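Colleague: In case you want the letters, here they are:
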Amino acid sequence: MKTKIFIIILFAGLFITGCGEETTNIDIINDSAGAVMSLDYRDFDQAASQMIQSLLGSGRLKKSDNGRYVIATGRIKNDTMQRIDTDQLMVKIERELTNSGQAVFTAAVGPGSDQTLLETRELRESDEFDSDTTAAKRTLIAPELTIAGKIIQRNVPMAKNKQQVEYYFQLELSEVKTGLSFWQDEVLVGKRGSNQSVPW
Amino acid sequence: MKKLSTMLIVTMFLLFGCGKEQKQDSRVKIQEGVASDTLGSNIITKPLAHIYSAITGERIEFTNAATRRNSADILELQVEFYNRSYNTERFQYRIEWVDANGFTINSKTNVWLNTSVAGKSNGVITAFAPNASAVDFKMNTRDQE
Chain A
1 MKTKIFIIIL FAGLFITGCG EETTNIDIIN DSAGAVMSLD YRDFDQAASQ
51 MIQSLLGSGR LKKSDNGRYV IATGRIKNDT MQRIDTDQLM VKIERELTNS
101 GQAVFTAAVG PGSDQTLLET RELRESDEFD SDTTAAKRTL IAPELTIAGK
151 IIQRNVPMAK NKQQVEYYFQ LELSEVKTGL SFWQDEVLVG KRGSNQSVPW
Chain B
1001 MKKLSTMLIV TMFLLFGCGK EQKQDSRVKI QEGVASDTLG SNIITKPLAH
1051 IYSAITGERI EFTNAATRRN SADILELQVE FYNRSYNTER FQYRIEWVDA
1101 NGFTINSKTN VWLNTSVAGK SNGVITAFAP NASAVDFKMN TRDQE
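Going down the list, the sequences are from chains A and B.
Take the first sequence: its position 11, counted from the start at 1, is 11 in our numbering, and no numbers get skipped.
Take the second sequence: its position 73, counted from the start at 1, is 1073 in our numbering, and no numbers get skipped.
Keep in mind the hints are simulated off the structure, nothing from the lab.
According to the in silico footprint, chain B covers these stretches of chain A (three or more CB under 8 angstroms from chain B): (1) 46-53; (2) 94-101.
Distance condition first, Cα-Cα at most 20 angstroms in a straight line; then the derived SDA-like pairs of lysine to any residue: (3) B:Lys-1108 x A:Ile-29; (4) B:Lys-1108 x A:Gly-101; (5) B:Lys-1138 x A:Gly-57.
FRET-style restraints, in silico, Cβ to Cβ: (6) B:Glu-1080 x A:Glu-119: 50 to 60 angstroms; (7) A:Asp-31 x B:Gly-1102: 18 to 28 angstroms; (8) A:Ala-136 x B:Asn-1064: 48 to 58 angstroms; (9) B:Glu-1080 x A:Glu-166: 23 to 33 angstroms.
These numbers come from a predicted model, not from an experiment.
Note that beta-carbon positions come from the ideal geometry of N, C-alpha and C, so glycine has one too.
All chains should be built: construct the whole structure from the sequences, respecting the hints.
Modeller: See the structure below:
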């Protein structure tokens, strides 16, 4: 009887501890894992890469005086069922456009503006700070362009318990002075899979 | 009789090749079901042509890669390829840009991207360098999971 109990406990122990999935780091350079129904980092990489290339390839960021455009990042609306920080997309785009030498981004305006930037400018009124080290008035550079957009999700039911999920990444670059659209593009990431997998 | 029919099929293959394309403008590729029948698309010989294509492992053939600078001094790449098989081929590619010193430019655009091309069709990949310092490129491909 004791032996039986011992064997049962031993097997139970093996099942509980031995069948757990091993944790591994993702190889983000050569990730060969299958697609997922939700948006993952590969989708953001793909969308950002295509958007950057579209914008740089359009030649719209080339200034006649070889200067750089000052761009403010506007609102990127998350119109999906997922909790997304849209910086996952915009940080890549801002980084690449800055590195391209054709644009700089202002942190002074926009929904993601750096509040500390504005707070530090108020220090000029304080007697505690050396006035030579505080920022003077009228030194901030106003943006010439704004970039805004949205990410849309559309679920399409299919036959045989399948579903199609479409994610649209849309971005638009507009000129502040005229309000005219400078550049616009859309990247579609589509997925098909079981309707049991919930894309959120 | 059986020998004769086998010889006939083999001779047809040798004479006309598999999936031989009709004389037309090389820029236009017409798929099965659209173009007139060839030995590769005829309802009787089609399975043999497809089997031949599969056995010989026909897939993507890269035919040309060209670069030019756009109006913003950004290097633009166009890679042309042709799908020799009868099936739609899906694959991934990653382009890395190289500066004048031979160093790879670190960029968020250096990621695996998906593409596909229908059977017996032309495909094209276009890409733009992340900045004006790029003078050349390297491209890798892998099977799409």
